[in-house]
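Visitor: Can you build the whole structure from these sequences, using the hints too?
The numbers in my numbering rise by one with no breaks, and the one at position 144 of the sequence shown is 178.
Hints listed in this document are in silico derivations from the structure and should not be mistaken for laboratory results.
All clues given are correct.
Label-pair distances were calculated between CB atoms; the ranges are:
| hint | residue 1 | residue 2 | range |
| --- | --- | --- | --- |
| 1 | D168 | G80 | 53 to 63 Å |
| 2 | P297 | Q193 | 17 to 27 Å |
| 3 | D96 | I70 | 17 to 27 Å |
| 4 | T186 | R325 | 20 to 30 Å |
| 5 | T186 | R98 | 36 to 46 Å |
Here a beta-carbon is modelled for each residue, glycine too, at the ideal position from N, C-alpha and C.
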Amino acid sequence: MNFSLRQLRYFVTIAELGQVSRAAEQLHVTPSAVTISLRDLENELGYRLFKRESHGMELTEDGRHFLAHAHAVELAVANAQNIPRQRQVSGDLLLAATPTLVGYFLPEHIYRLSGLHSGLRIDMLELDRRGIEDGLLAGKFDIAMLVISNVTDPGLKTQTLVDSQRRLWVPAGHHLTSESEVSLAEIAKEPLMMLTADEAGEAAQRYWKHYGYAPDVRLRSSSIEAVRSMVGNGLGVAIASDMQYRPWSLEGKRVESVRVKEPIPAMSVGLAWRTESKCTPAMKMVQDYFRQRFLDPHNRHKFVRR
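Guide: Given below as structure tokens:
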């Protein structure tokens, strides 16, 4: 059996996004390249990884098992090749993060960091943005991960890592899934489940006001899974970032995503630390890790999920 890391990456991206077209967009290749790669991988394995449905690509039972192994291979390759060999860093680091980042971004990276530096202990604290800013300025923790566009205090330094685009979420079979992009005027006609986590509600109010439309808000919730479940069950639509997107609700209902026609602000995620903080070896290692993962042009497309 012989398949490439590229084929694995294409497969994982399709599985995560649920559509060949979106996978191709994220991978910066043509849809035909993704389709051919998947076909060759399935032929090599001797079984189907996906069921082709009208609403997108759905993993088969074999595909779900293979996805777990593909993730393990990606992690092993990343640990072996994408981090330069450096002396082991040990010590304690207290990292604060907002709920979205704790749930949807940090776990795999904390796992990788722990594998690379066995003597490093990273403790995490979940807070809102204001609590993080106050805590950093008071020296209560070392570094933070949050939505950088919301940070306002001049006593903090920031480093943007990811600009996660916001898109429209709709239930499978919704009439808007046939569109390549949807205007805010069209979205305003639909029941809207407004996500408020990480000050997304305030951001939404600003862009709705800027374009002169009033959304029909039926739910305001800080719970990403609640919003996803409402959409999956056909109770409305939502606008949320690619980082928060998953193709299935907790009940197993399919959720699709569609590009919003008007330019709306992305969710800019990054690191923050106190300007006057002494940069410890542990802090520097964490900063270098994330910079290489997301700002190195050779790595960026691999690790910016969603």
